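A.B. asks: Given chain A's structure and the hints, the job is docking chain B onto it.
Protein chains: 2
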Amino acid sequence: MSSKPAKADWIAVDWGTSHLRAWAMAADGSVRDQGQSADGMGRLSPDRFEPALLDLVHGWLGGGPTKVVACGMVGSRQGWTEAPYRAVPCTALDTGLVRAPARDLRLDVRVIPGVKQDSPADVMRGEETQVAGYIAQNPDFDGVLCLPGTHSKWAHISAGEIVSFRTFMTGEMFALLSGQSVLRHSVATEGWDAGAFAAAVSDAIAKPEALAARFFSLRAEALLHDLQGDTARARLSGLLIGAELAAAKPYWLGQDVTLIGASSLTGSYAAALTAQGARPTIANGSAMTLAGLTAAYRSLKDST
Amino acid sequence: MSSKPAKADWIAVDWGTSHLRAWAMAADGSVRDQGQSADGMGRLSPDRFEPALLDLVHGWLGGGPTKVVACGMVGSRQGWTEAPYRAVPCTALDTGLVRAPARDLRLDVRVIPGVKQDSPADVMRGEETQVAGYIAQNPDFDGVLCLPGTHSKWAHISAGEIVSFRTFMTGEMFALLSGQSVLRHSVATEGWDAGAFAAAVSDAIAKPEALAARFFSLRAEALLHDLQGDTARARLSGLLIGAELAAAKPYWLGQDVTLIGASSLTGSYAAALTAQGARPTIANGSAMTLAGLTAAYRSLKDST
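Line by line, the protein sequences give chains A and B. Each residue of the first sequence is one higher than the one before, counting from 1 in our numbering. Each residue of the second sequence is one higher than the one before, counting from 1 in our numbering.
Here chain A stands alone, though its shape is the one from the complex (with noise of 0.2 Å):
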């Protein structure tokens, strides 16, 4: 038996390079529906945003404009409209979401805008929504909020503010060694072993320069002393997070951290930071995406 798909009163989109996630939400924050598909920003041209929209949410439109609002890479120049970034210093949440241009009348779209630092240069788009979430539900925090993930964002929060930032490319740089170079051939695809993880961040933090030589031995030790796919898999994680942790040690040394993120990723994080002396705490990265996407639609309304 097939239902009526539920009307949104409004939807929330988290669109990023490779994904496309919609929810239909109720006025008061519930969720009534959700879909998602893999019309990422990186496949779609231009014109072609609209439509891989529509494809996923036009069961929850009504006959009038129904708000949208996106974040993520849909924001980039490659995307969908250009939101220029805000800079650091700056509030994770912005009143000033970029309208796209929506042919549909149906469709009323609003961008979040990116946020950039100008020195030491960096940027991110999607995570300031995140940040945005978890500072609505904790609005008295003041720490620091890691977001591990294909390029793991470190920010400083202060007083309902983004002080400063640094993004690391540990997941891209993971998924490149295990998937695409001779690592692949040692490198299980699953499988994970906790005390070979612990090894190697510990390793990774003490001489983080000697990563690019720990990796081959990944390899060589694969070849003479029959290494196990799934320990070289969790060692070379773990040499990847223990260089971040070595690097981003200002952020974490000392300072409230809270992990954002997929769970698998902010349990290997959080077991790192523990075993550093660190005692972070853990939220949930859709939750936070979403409660980001539902605070910039309240400030919407109250704005216009």
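Keep in mind that the hints were calculated from the coordinates and are not lab data. Do not take every clue at face value.
As the list claims (entries may be wrong) - Partial chain A-side listing against chain B, Cβ under 10 Å, derived:
id	residue
1	16
2	17
3	175
4	176
5	217
6	221
7	223
8	224
9	243
This structure is a prediction, so every number in the text was calculated from the model and none was measured. Backbone N, C-alpha and C define an ideal beta-carbon position, used for all residues, glycine too.
C.D. replies: Chain B alone, transformed into the frame defined by chain A:
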């Protein structure tokens, strides 16, 4: 006007993962002809090695068997025949070459074994032949050989032996990051900026743990400050080579260092090392391969 191909007294072969190079040699060690193809070990099943070799060298063969001396990945487990690693400390050259199972009676193929190190686990295949070539030409050398490349090697040489060595995945990381990561949008495929390279080497040596953040800065500086592609390319190379130098310091500090490789790469390493106060000398990579294969051929002749 075509000329009759030169016959070879013996054939030297450098057979890596992605290339096959062969030289028609005279008994006195001079080169009569040479050829190459893309039939690297990586694309050949075990039964395709002999045809791939014959394609390249058949014109050089006489009626009787011709000795072929080969180094590189052809001797790996996935190669034509496995030539098991010898363990350091060991001479760079060994008389224990492994015969490959050629059916054509005109071919008498011998494969040079690679070299392994148990701890830290490490392996080389092909570079030991370049080391042997260098030692053949410089029998009293006591110091360090650096062989930059996809997997850069640093080898400590004393009394004609490889005492220890270490491999860094520097070249492969450069290729993956510049060609397949988010940095591909910001890093040019050619062009150079010597000042940016030197500054990046120095930055990486001072703070090698910050690599993954400095990588992303190249993208952010391109977006925010119009960083040029050739500058980004030189800086990415400098960051990776600088991190390698930081880790390899025990190898080069206060040592006689010779760089063996292609001139573009040895030039970059020489610039980086010179800025650190070292005074490296440079030897040509292909010439050292050929010298090593020649030394192996002579030892073979002496022993049979």
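A.B. asks: It remains to establish, for every hint, whether it holds in the given structure.
C.D. replies: Against the structure, the hints come out as follows:
At its closest, the beta carbon of residue 16 of chain A sits 12 Å from a beta carbon of chain B; the interface hint therefore is violated under the 10 Å criterion. Interface hint status for residue 17 of chain A: upheld, as the beta-carbon distance to the closest one in chain B is roughly 9 Å, under 10 Å. Annotation: interface hint on residue 175 of chain A holds; nearest CB of chain B at approximately 9 Å, less than 10 Å. At a threshold of 10 Å, the smallest CB-CB gap from residue 176 of chain A to chain B is about 4 Å, leaving the interface hint in force.
With 10 Å as the threshold, the beta carbon of residue 217 of chain A comes within range of chain B, its nearest partner Cβ sitting at about 5 Å, so the hint holds. The interface hint given for residue 221 of chain A holds, since its Cβ lies 4 Å from the closest Cβ of chain B, which is under the 10 Å cut-off. Hint status for residue 223 of chain A: holds, given a least beta-carbon distance of 6 Å to chain B, under 10 Å. Annotation: interface hint on residue 224 of chain A holds; nearest CB of chain B at approximately 5 Å, less than 10 Å.
Residue-level restraint check for residue 243 of chain A holds (minimum Cβ-Cβ distance to chain B is 6 Å; threshold 10 Å).
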